[in-house]
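Student: Sequence:
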Amino acid sequence: MRNKISNFSLKQFINDRGILIAFILIVIILTFATPNFMTAANIINVLRQVSCIGIATIGVGVLIIMGQIDLAIGSTFALAGIIAGLMVSTGVGGFGLHPVLGYFAGIATAVAVSLFSGVVVAKARIPAFIVTMGMMSIVRGLALIFAHGMPVGNFPEGFTYLGTKSIGPIPWTIVIFLITIAVMWYIMEKRPLGRYIYAVGSNEDAARAAGINVDRVKIKTYLIEGILVGVAATVLAARLKSAAPAMGAGYELDAIAGAIIGGVSFNGGIGSVPDMVLGALLIGVINNGMDLLGVEAFYKQVVKGSIIIIAVLIDRKRTGRA
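Taking my numbering, the leading residue of the sequence shown gets 1, the next gets one more, and so forth.
One thing to keep in mind: the hints can contain errors.
[To be verified] Distance condition first, Cα-Cα at most 20 Å in a straight line; then the derived DMTMM-like pairs of lysine to aspartate or glutamate:
#1 K241 to E157
#2 K304 to D315
#3 K123 to E204
#4 K123 to D205
#5 K220 to D205
#6 K304 to D291
#7 K165 to E204
#8 K220 to E204
#9 K123 to D215
If you are wondering where the hints come from, they were derived from the structure by calculation, not from laboratory data.
Please construct the entire structure, taking both the sequences and the accompanying hints into account.
Tutor: Shown next as structure tokens:
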């Protein structure tokens, strides 16, 4: 017992549990700052809002662990949502197909975008930052083209069900988020692919030397991210009951912020699904708190950007890289 006490390091504890401590402190502060924060309705509201971006955060977080990134997430949200919407819409230009086909089309669209990025990054050896920056513009342009610059609506109830209905008091969006967390935790912690992702992110050359097919791991990881972004985009379109070319604008910043704040290292090889979720929740709680306090949207962007810079600086110090 004495050895355990003597070996306890407050600095190490804060380093390991910093995101959880920050989350608890902010929740306590907001509880006292605004009476509407710690209510059942607001908690459900926060979780509902965080669910879609939280799913995307896990996707981009896994990419960052592998040493890659995707800046086209926001644009992919728009294109996937619009394609899904057009498939099921009963309005002008819509195909009025079965809601399941709409979900499939939206997810398939996001997968195609992410797979293309992954193949180019892996096979052409072009930095992910450059590839996905180009894709961000291309995909947003495609969203504008397919939607003719206008929102897509008139969705049938069967399509909007997962975005608007609940299982008892728990919205379906939250249930889907929880399922995603469980599946991705299992992949990252219990499956060989998860170990390969960490290995590639830690040292790509060493991973190759160990016999890991690095290109295949990269492509599979982009595939997983595409599935997650596709699910998030279609559920978001279902919740909003519409999809517009501007949908998902800034989501790449929110997703990357959630992952980095959650302790995922930009250097690769470090991070966990539970901490990514905490990071996404922290961003969601801060956004919700500022809304309740009447903070203007412009200041929210300043706060979010500042948090990212601070998180990266902390990561640099933790990993010993200047």
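Student: Take the hints in turn and mark each one as holding or not.
Tutor: Going down the list of hints, with the structure as the test:
1. K241 to E157: Within the cut-off at roughly 9 Å; holds.
2. K304 to D315: holds (17 Å)
3. K123 to E204: Cα-Cα ~14 Å, so holds.
4. K123 to D205: Given pair K123, D205 holds - Cα atoms ~15 Å apart, limit 20 Å.
5. K220 to D205: Between K220 and D205 the Cα gap is close to 18 Å, so the pair holds against 20 Å.
6. K304 to D291: holds (14 Å)
7. K165 to E204: violated (44 Å)
8. K220 to E204: holds (15 Å)
9. K123 to D215: Holds: K123 and D215 sit about 7 Å apart, inside 20 Å.
Going through the hint list in order, the structure does not satisfy hint 7, though it satisfies all others.
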